[in-house]
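*Asks:* With our numbering, letter number 230 in the sequence shown gets 230, and the count goes up by one each step, no holes.
It is worth saying that the hints were derived from the structure and are not from the lab.
Heads up, the beta-carbon is just placed ideally off N, CA and C, and yes, glycines get one too.
Treat the hints with care, as some may be off.
Ranges of calculated distance between the beta carbons of each label pair, as one might list FRET restraints [to be verified]:
| no. | residue 1 | residue 2 | range |
| --- | --- | --- | --- |
| 1 | E220 | R321 | 40 to 50 Å |
| 2 | N380 | W70 | 24 to 34 Å |
| 3 | V371 | K158 | 30 to 40 Å |
| 4 | S163 | V224 | 22 to 32 Å |
| 5 | N310 | E67 | 43 to 53 Å |
| 6 | V66 | N372 | 32 to 42 Å |
| 7 | V282 | W70 | 50 to 60 Å |
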Amino acid sequence: MLAARTGAAGGQISEENPKLRKLSGFSVGSKDKSPKKAAENGKDSSLSPSGQTQLRARQLALVREVEMNWYLKLWELSTEHTTAYTTGMPHRNLGKSGLRVSCLGLGTWVTFGGQISDEVAERLMTIAYESGVNLFDTAEVYAAGKAEVILGSIIKKKGWRRSSLVITTKLYWGGKAETERGLSRKHIIEEIVRAMTHVINQGMAMYWGTSRWSAMEIMEAYSVARQFNMIPPVCEQAEYHLFQREKVEVQLPELYHKIGVGAMTWSPLACGIISGKYGNGVPESSRASLKCYQWLKERIVSEEGRKQQNKLKDLSPIAERLGCTLPQLAVAWCLRNEGVSSVLLGSSTPEQLIENLGAIQVLPKMTSHVVNEIDNILRNKPYSKKDYRS
């Protein structure tokens, strides 16, 4: 999967700068052509928007179950042969496309080619793959291209079937030369929508989406694609965690219902802030202590940062009651949003990754009562008067 970044032309921008993560589009590289998503049957105007979403989810789940049972019967197999059954990893559609992705994915920002060794990177990917993760995210700018190389080398070494994986990468901040970055024809063949359509038609990617685009920009891309008979984006990659909610909970639902764009979210632990390690300041060995992460340190020690740490302390009893850690609660909280196709995890150690993957076991415990408890502590639930009905 390909993603194109959005960014200002010119200027020196370091990889660690959070602004660098603003992307203009991205592409999904998966050779596995999933069957087309079945049409939804009718509408019930008596249901609330959330009720309609749940009804549609149940209808789609039923259709998928029928399709899976037919396939297994055709090849004389059983559900025990499926990855979802053997690993317990739930899978969701990427937006309204037919592409099925694991609800947890593994990201490579900062870690691959930088913070961790190649050996640790291989261990992380192995743990993720064996846990049912099929989505791996990277970008051309991560570690100046090394992250993509390491990711590809590990897949080749492990001998994993390419058809079993969904690889997403992102474009914009490429090389140092003016012609090696941006979204021009020179850099990715042509301008955004036309370029992504060309990339897909050439078989270099199966889908494309955006990252850190505004809702208006995504709608414009969709309109251009429809007007000129090209391929529209299928999802937006956005930051989403306990302290960053509005875009994913207010803006993206409208895009999903209108044009089928889903949400792939990143930074569920807010760059480590929600991990709990910054409760008493910034440890010397932490990422925020590094010179290139001064922006993160400033965020943590700010007045708002201190308020966030107090809220995390108030959330701890909920995590204890549910029998999980605070990071697991935070990841499960992101997953409880049915509009989120997949949550990208970023881990620097196998222990961290295993802990975060454990959020799957917490997801069934995220009842409406628990979610309301969390909302009462956070007091940042975005409000929208709009009724998004497809």
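*Asks:* It remains to establish, for every hint, whether it holds in the given structure.
*Replies:* We went through each hint and held it up to the structure:
1. Taking 40 to 50 Å as the suggested C-beta distance range, the pair E220 and R321 conforms, at roughly 46 Å.
2. A hinted range of 24 to 34 Å for the beta carbons of N380 and W70 is inconsistent with their spacing of about 45 Å.
3. Separated by about 38 Å at the C-beta atoms, V371 and K158 satisfy the suggested range of 30 to 40 Å.
4. A hinted range of 22 to 32 Å holds for the C-beta pair S163 and V224, which are about 31 Å apart.
5. About 48 Å separates the C-beta atoms of N310 and E67, a value consistent with the hinted range of 43 to 53 Å.
6. Against the hinted window of 32 to 42 Å, the Cβ-Cβ separation of V66 and N372 comes to about 35 Å, which satisfies the hint.
7. With their beta carbons about 55 Å apart, V282 and W70 fall inside the hinted range of 50 to 60 Å.
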